[in-house]
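Make a model of the complete structure from these sequences and hints.
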Amino acid sequence: MRRFLKKIFFTSAGFALSISCLADQAQIAVAANFAEPIKAIAAMLEKTTGHTLQVTLGATGKLYAQIKNGAPFDVLLAANTAIPAALEKDGLTKPGSRVTYATGKLVLWSADATKVDANGDILKKGQFRKLAYAAPKIAPYGAAAVQVMDKLGLQAALAPKLVQGESIGQTYSFVFTGNAELGFVALSQVLEGGKLKSGSMWEIPQALYQPIQQDAVILKRGAGNAAAQALMKLLKSPNIKDLIGSYGYDI
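Numbering (our numbering), first residue to last: 265 to 515.
It is worth saying that the hints were derived from the structure and are not from the lab. Keep in mind that this is a model prediction, so the values were computed, not measured. It is possible that some hints are incorrect.
[What the hints assert, rightly or not] In silico DSS-like pairs for lysine-lysine, Cα to Cα no more than 30 Å straight-line:
| id | residue 1 | residue 2 |
| --- | --- | --- |
| 1 | 484 | 461 |
| 2 | 425 | 353 |
| 3 | 500 | 311 |
| 4 | 311 | 425 |
| 5 | 389 | 401 |
| 6 | 500 | 461 |
| 7 | 459 | 353 |
| 8 | 379 | 425 |
| 9 | 303 | 459 |
| 10 | 500 | 353 |
| 11 | 484 | 500 |
| 12 | 401 | 415 |
| 13 | 500 | 326 |
| 14 | 389 | 326 |
As C-alpha coordinates, this is what we get:
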(Lines of atoms letter the chains of each structure in order from A and count residues from 1; the text may use other names and numbers.)
(Lines give C-alpha, C1' and ligand atoms only; values in the text may rest on other atoms or scores of the structure.)
Protein backbone atom coordinates (compact mmCIF):
# COMPACT_ATOMS: atom_id res chain seq x y z
CA MET A 1 0.00 0.00 0.00
CA ARG A 2 2.81 2.42 0.96
CA ARG A 3 4.54 1.60 -2.31
CA PHE A 4 1.34 2.33 -4.25
CA LEU A 5 0.85 5.70 -2.53
CA LYS A 6 4.47 6.61 -3.19
CA LYS A 7 3.96 5.81 -6.88
CA ILE A 8 0.87 8.03 -7.03
CA PHE A 9 2.77 10.84 -5.31
CA PHE A 10 5.66 10.71 -7.73
CA THR A 11 3.32 10.48 -10.71
CA SER A 12 1.33 13.51 -9.51
CA ALA A 13 4.48 15.45 -8.75
CA GLY A 14 5.80 14.65 -12.20
CA PHE A 15 2.53 15.84 -13.77
CA ALA A 16 2.68 19.12 -11.83
CA LEU A 17 6.29 19.58 -12.88
CA SER A 18 5.41 19.01 -16.53
CA ILE A 19 2.66 21.66 -16.37
CA SER A 20 5.08 24.08 -14.73
CA CYS A 21 7.68 23.44 -17.44
CA LEU A 22 5.13 24.03 -20.20
CA ALA A 23 3.68 27.20 -18.62
CA ASP A 24 4.36 30.49 -20.36
CA GLN A 25 3.79 34.16 -19.53
CA ALA A 26 2.21 36.74 -21.83
CA GLN A 27 2.61 40.50 -21.62
CA ILE A 28 -0.83 41.93 -22.35
CA ALA A 29 -2.04 45.48 -22.91
CA VAL A 30 -5.60 45.95 -21.64
CA ALA A 31 -8.04 48.83 -21.99
CA ALA A 32 -8.65 50.36 -18.56
CA ASN A 33 -12.39 49.58 -18.53
CA PHE A 34 -11.56 45.86 -18.41
CA ALA A 35 -9.35 46.10 -15.30
CA GLU A 36 -11.58 44.02 -13.02
CA PRO A 37 -12.59 41.25 -15.46
CA ILE A 38 -9.00 40.65 -16.55
CA LYS A 39 -8.01 39.90 -12.93
CA ALA A 40 -10.57 37.10 -12.77
CA ILE A 41 -9.67 35.84 -16.24
CA ALA A 42 -5.94 35.79 -15.42
CA ALA A 43 -6.65 33.79 -12.26
CA MET A 44 -8.78 31.31 -14.19
CA LEU A 45 -6.14 30.95 -16.89
CA GLU A 46 -3.39 30.25 -14.38
CA LYS A 47 -5.51 27.75 -12.47
CA THR A 48 -6.49 25.76 -15.57
CA THR A 49 -3.31 25.99 -17.68
CA GLY A 50 -0.47 27.26 -15.50
CA HIS A 51 0.04 30.20 -17.87
CA THR A 52 0.35 33.67 -16.34
CA LEU A 53 -0.41 37.19 -17.59
CA GLN A 54 1.53 40.39 -16.98
CA VAL A 55 -1.07 43.15 -17.39
CA THR A 56 -0.56 46.79 -18.41
CA LEU A 57 -3.68 48.97 -18.24
CA GLY A 58 -4.29 52.18 -20.17
CA ALA A 59 -6.31 54.12 -22.70
CA THR A 60 -6.60 52.18 -25.96
CA GLY A 61 -5.07 54.99 -28.01
CA LYS A 62 -2.10 55.28 -25.67
CA LEU A 63 -1.53 51.51 -25.75
CA TYR A 64 -1.62 51.68 -29.55
CA ALA A 65 1.11 54.34 -29.53
CA GLN A 66 3.23 52.20 -27.21
CA ILE A 67 2.84 49.15 -29.46
CA LYS A 68 3.78 51.20 -32.53
CA ASN A 69 6.88 52.34 -30.66
CA GLY A 70 7.95 48.77 -29.93
CA ALA A 71 6.46 48.07 -26.49
CA PRO A 72 6.90 44.30 -25.80
CA PHE A 73 3.24 43.24 -25.67
CA ASP A 74 1.97 39.85 -26.82
CA VAL A 75 -1.77 40.62 -26.82
CA LEU A 76 -3.96 43.73 -26.95
CA LEU A 77 -7.44 43.85 -25.42
CA ALA A 78 -8.75 47.11 -26.84
CA ALA A 79 -11.88 49.12 -26.09
CA ASN A 80 -12.76 49.43 -29.77
CA THR A 81 -12.39 47.71 -33.13
CA ALA A 82 -10.50 50.50 -34.89
CA ILE A 83 -7.15 50.11 -33.10
CA PRO A 84 -6.83 46.31 -33.55
CA ALA A 85 -7.83 46.79 -37.20
CA ALA A 86 -5.15 49.47 -37.61
CA LEU A 87 -2.54 47.16 -36.09
CA GLU A 88 -3.59 44.44 -38.53
CA LYS A 89 -3.15 46.88 -41.41
CA ASP A 90 0.29 47.81 -40.07
CA GLY A 91 1.31 44.13 -40.09
CA LEU A 92 1.79 44.10 -36.31
CA THR A 93 -0.59 41.25 -35.45
CA LYS A 94 -0.89 37.52 -35.89
CA PRO A 95 -3.12 37.15 -38.99
CA GLY A 96 -6.62 35.92 -38.25
CA SER A 97 -6.33 36.26 -34.46
CA ARG A 98 -8.68 39.21 -33.90
CA VAL A 99 -11.89 38.49 -31.96
CA THR A 100 -14.63 40.55 -30.32
CA TYR A 101 -14.62 39.68 -26.62
CA ALA A 102 -17.21 42.14 -25.24
CA THR A 103 -19.43 45.14 -25.95
CA GLY A 104 -19.14 47.82 -23.28
CA LYS A 105 -21.76 50.10 -21.77
CA LEU A 106 -21.47 53.71 -20.65
CA VAL A 107 -23.01 55.09 -17.45
CA LEU A 108 -23.21 58.42 -15.68
CA TRP A 109 -22.01 57.73 -12.15
CA SER A 110 -21.54 59.56 -8.85
CA ALA A 111 -20.00 58.34 -5.61
CA ASP A 112 -22.94 60.09 -3.90
CA ALA A 113 -25.89 57.67 -3.62
CA THR A 114 -28.40 60.53 -4.00
CA LYS A 115 -26.80 62.48 -6.84
CA VAL A 116 -27.75 60.75 -10.12
CA ASP A 117 -31.42 60.23 -10.95
CA ALA A 118 -32.80 57.30 -12.96
CA ASN A 119 -33.12 59.36 -16.17
CA GLY A 120 -29.94 61.40 -16.00
CA ASP A 121 -31.85 64.67 -15.69
CA ILE A 122 -29.07 66.05 -13.50
CA LEU A 123 -27.10 66.70 -16.71
CA LYS A 124 -29.77 69.13 -17.90
CA LYS A 125 -30.22 70.74 -14.49
CA GLY A 126 -26.49 71.33 -14.17
CA GLN A 127 -26.53 71.19 -10.36
CA PHE A 128 -22.91 70.10 -10.01
CA ARG A 129 -19.45 71.66 -10.33
CA LYS A 130 -17.43 69.10 -12.27
CA LEU A 131 -18.23 66.32 -14.77
CA ALA A 132 -15.43 63.89 -15.66
CA TYR A 133 -14.95 62.03 -18.92
CA ALA A 134 -12.05 60.24 -20.62
CA ALA A 135 -9.95 61.83 -23.36
CA PRO A 136 -12.03 61.13 -26.49
CA LYS A 137 -9.06 60.97 -28.88
CA ILE A 138 -7.45 58.01 -27.09
CA ALA A 139 -10.25 56.51 -24.95
CA PRO A 140 -13.28 55.00 -26.74
CA TYR A 141 -15.48 55.49 -23.65
CA GLY A 142 -14.55 59.18 -23.75
CA ALA A 143 -15.59 59.35 -27.40
CA ALA A 144 -18.90 57.73 -26.43
CA ALA A 145 -19.39 60.35 -23.69
CA VAL A 146 -18.97 63.15 -26.25
CA GLN A 147 -21.57 61.46 -28.46
CA VAL A 148 -24.01 61.41 -25.53
CA MET A 149 -23.52 65.11 -24.76
CA ASP A 150 -23.94 65.97 -28.44
CA LYS A 151 -27.10 63.87 -28.81
CA LEU A 152 -28.59 65.57 -25.73
CA GLY A 153 -27.62 69.00 -27.05
CA LEU A 154 -25.66 69.75 -23.88
CA GLN A 155 -22.06 70.02 -25.14
CA ALA A 156 -21.88 73.83 -24.90
CA ALA A 157 -23.68 74.03 -21.56
CA LEU A 158 -21.50 71.36 -19.96
CA ALA A 159 -18.16 72.52 -21.43
CA PRO A 160 -17.19 74.78 -18.46
CA LYS A 161 -17.79 71.90 -16.03
CA LEU A 162 -15.82 69.20 -17.87
CA VAL A 163 -12.65 67.63 -16.49
CA GLN A 164 -10.78 65.16 -18.67
CA GLY A 165 -9.09 61.97 -17.55
CA GLU A 166 -6.35 60.35 -19.61
CA SER A 167 -8.17 57.00 -19.47
CA ILE A 168 -11.48 55.67 -18.20
CA GLY A 169 -9.53 54.43 -15.17
CA GLN A 170 -8.38 57.94 -14.25
CA THR A 171 -11.88 59.27 -14.96
CA TYR A 172 -13.32 56.81 -12.46
CA SER A 173 -10.71 57.92 -9.90
CA PHE A 174 -11.75 61.57 -10.32
CA VAL A 175 -15.33 60.68 -9.39
CA PHE A 176 -14.47 58.12 -6.70
CA THR A 177 -12.25 60.63 -4.85
CA GLY A 178 -14.75 63.46 -5.16
CA ASN A 179 -12.65 65.63 -7.46
CA ALA A 180 -15.65 65.49 -9.80
CA GLU A 181 -19.20 64.95 -8.59
CA LEU A 182 -20.18 63.08 -11.74
CA GLY A 183 -18.47 61.15 -14.49
CA PHE A 184 -19.06 59.14 -17.64
CA VAL A 185 -17.52 55.77 -16.77
CA ALA A 186 -17.79 52.13 -17.85
CA LEU A 187 -20.58 50.07 -16.31
CA SER A 188 -17.96 47.42 -15.52
CA GLN A 189 -16.20 49.84 -13.14
CA VAL A 190 -19.20 50.31 -10.86
CA LEU A 191 -20.62 46.78 -10.76
CA GLU A 192 -19.73 43.94 -8.42
CA GLY A 193 -21.51 40.63 -8.76
CA GLY A 194 -23.89 42.24 -11.22
CA LYS A 195 -24.97 44.95 -8.73
CA LEU A 196 -24.00 48.59 -8.22
CA LYS A 197 -21.13 48.68 -5.72
CA SER A 198 -21.83 52.17 -4.40
CA GLY A 199 -23.10 55.60 -5.35
CA SER A 200 -25.78 56.26 -7.95
CA MET A 201 -25.88 55.88 -11.72
CA TRP A 202 -27.83 56.31 -14.91
CA GLU A 203 -27.28 53.55 -17.47
CA ILE A 204 -27.19 55.58 -20.65
CA PRO A 205 -29.53 54.38 -23.44
CA GLN A 206 -27.66 52.74 -26.32
CA ALA A 207 -29.40 55.08 -28.78
CA LEU A 208 -27.26 57.95 -27.49
CA TYR A 209 -23.87 56.49 -28.48
CA GLN A 210 -22.37 54.02 -30.91
CA PRO A 211 -21.87 50.46 -29.56
CA ILE A 212 -18.52 50.10 -27.80
CA GLN A 213 -17.43 46.86 -29.45
CA GLN A 214 -14.16 45.65 -27.91
CA ASP A 215 -11.69 43.54 -29.90
CA ALA A 216 -8.67 41.52 -28.79
CA VAL A 217 -5.79 40.53 -31.03
CA ILE A 218 -2.51 38.63 -30.72
CA LEU A 219 0.38 40.88 -31.63
CA LYS A 220 3.28 39.80 -33.82
CA ARG A 221 5.54 39.33 -30.78
CA GLY A 222 3.03 36.92 -29.20
CA ALA A 223 2.45 34.73 -32.25
CA GLY A 224 4.37 31.84 -30.70
CA ASN A 225 3.50 32.51 -27.06
CA ALA A 226 1.50 29.65 -25.50
CA ALA A 227 -0.03 31.91 -22.83
CA ALA A 228 -1.25 34.35 -25.49
CA GLN A 229 -2.87 31.51 -27.44
CA ALA A 230 -4.50 30.13 -24.29
CA LEU A 231 -5.89 33.56 -23.34
CA MET A 232 -7.51 34.04 -26.74
CA LYS A 233 -8.97 30.55 -26.60
CA LEU A 234 -10.44 31.33 -23.17
CA LEU A 235 -11.92 34.64 -24.37
CA LYS A 236 -13.77 32.73 -27.12
CA SER A 237 -14.94 30.00 -24.76
CA PRO A 238 -18.60 29.80 -23.63
CA ASN A 239 -17.23 29.25 -20.10
CA ILE A 240 -16.09 32.88 -19.87
CA LYS A 241 -19.27 34.57 -21.10
CA ASP A 242 -21.09 34.58 -17.76
CA LEU A 243 -18.05 36.02 -16.00
CA ILE A 244 -17.64 38.88 -18.49
CA GLY A 245 -21.42 39.47 -18.53
CA SER A 246 -21.46 39.84 -14.74
CA TYR A 247 -19.45 43.05 -15.17
CA GLY A 248 -22.16 44.58 -17.34
CA TYR A 249 -20.82 43.74 -20.78
CA ASP A 250 -22.85 42.35 -23.65
CA ILE A 251 -21.19 39.29 -25.14
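Hints and how they fare:
1. 484 with 461: violated, 38 Å
2. 425 with 353: Judged against 30 Å, a Cα distance of about 39 Å means the pair is violated.
3. 500 with 311: Distance of about 18 Å is within 30 Å: holds.
4. 311 with 425: The hint is violated at about 46 Å.
5. 389 with 401: With Cα atoms ~27 Å apart, residue 389 and residue 401 stay inside 30 Å; holds.
6. 500 with 461: Holds, because 28 Å separates the two Cα atoms, which is no more than 30 Å.
7. 459 with 353: Distance ~39 Å between residue 459 and residue 353 Cα, so the pair is violated.
8. 379 with 425: holds, 16 Å
9. 303 with 459: Holds, at about 18 Å.
10. 500 with 353: Between residue 500 and residue 353 the Cα gap is close to 23 Å, so the pair holds against 30 Å.
11. 484 with 500: Holds - the C-alpha atoms of residue 500 and residue 484 are around 20 Å apart, at most 30 Å.
12. 401 with 415: Cα-Cα ~18 Å, so holds.
13. 500 with 326: Between residue 500 and residue 326 the Cα gap is close to 25 Å, so the pair holds against 30 Å.
14. 389 with 326: Measuring from Cα to Cα gives roughly 34 Å; hence the hint is violated.
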